[in-house]
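Line by line, the protein sequences are chains A and B. Counting in my numbering, the first sequence runs from 239 upward without gaps. Counting in my numbering, the second sequence runs from 754 upward without gaps.
Don't read these hints as lab results, they were simulated from the structure. Careful, some of the hints might be misleading.
[Stated by the list, open to error] Listed below are several chain B residues computed to face chain A (Cβ distance under 7 angstroms; list not exhaustive):
hint : residue
1    : V814
2    : L822
3    : V825
4    : L828
[Unchecked claim] To list a few chain B residues with every Cβ distance to chain A over 12 angstroms, as calculated:
hint : residue
5    : S755
6    : P766
7    : L767
8    : L773
9    : F776
10   : R778
11   : G782
12   : G784
13   : P786
14   : R788
15   : A791
16   : V808
17   : S812
18   : A813
19   : D817
All C-beta atoms, glycine included, are put in the ideal place defined by N, C-alpha and C.
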Amino acid sequence: MNQSSIVLGTAVRLMLPVLLVYSLFLLQRGHHAPGGGFVGGLVAAAAFSLVALSDGPGRARRILRVQPLRLMGLGLLVAAGSGVVGLIWGDAFLQGIWPKWAYLPVIGKIGTPFTFDVGVFMVVLGFALEVFFTLLEDE
Amino acid sequence: MSIEHFAAWVVMPLLATALLLAFARVFTGPGLPDRVVALDFVGSLLVAMIGAAGVMTGSAVLLDVALILALVSFLATVAFARYMESRRQS
């Protein structure tokens, strides 16, 4: 049942880093161009799904290291937390706030919209992988 | 003839014809493998069409869309292949 093909395994080993970097790129450029947390999460989920298809869901879970359900919860917490930041220091829930000190060389200014997108990224990744792993382990 | 017109009046109709033929194979294909290969071909055609649309409109972001679709349609074909393999063995 679970003999994996060499071609698929090699292709996945080459594509996994590319897909993960590309998902982070999509997450980062979110606001000004097509992309964002949702698409980035889907691309990252596709990367881990490929590993699960070639080497089995157990290995994909080991590579992910975090349980997908925990990833979903943490992502919801991050997204809601970035909304609360706007509620406390701004005028309304989910208002965008860019602190002066929050600046990274490559990413640029980091505000609550970016952290919200990170939360969406984690929720989508966790949800898609939880569904996919459960379906695959059910076979 | 500019390259935008070439993409709109030569490349796109050819790709659309190929898409019609591929869909005909999806509908009439005698077996499941024929349909899966035809669907994979449809995915490749969509990548080409999105690229041609990027040339037509001059927007480079469509190339990123084509890149994502190329990566993800591969996943769909692999999943189909696994499904067929497990069905054959049971």
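Return the numbers of the hints above that this structure violates; sort them in rising order.
2, 17, 18, 19
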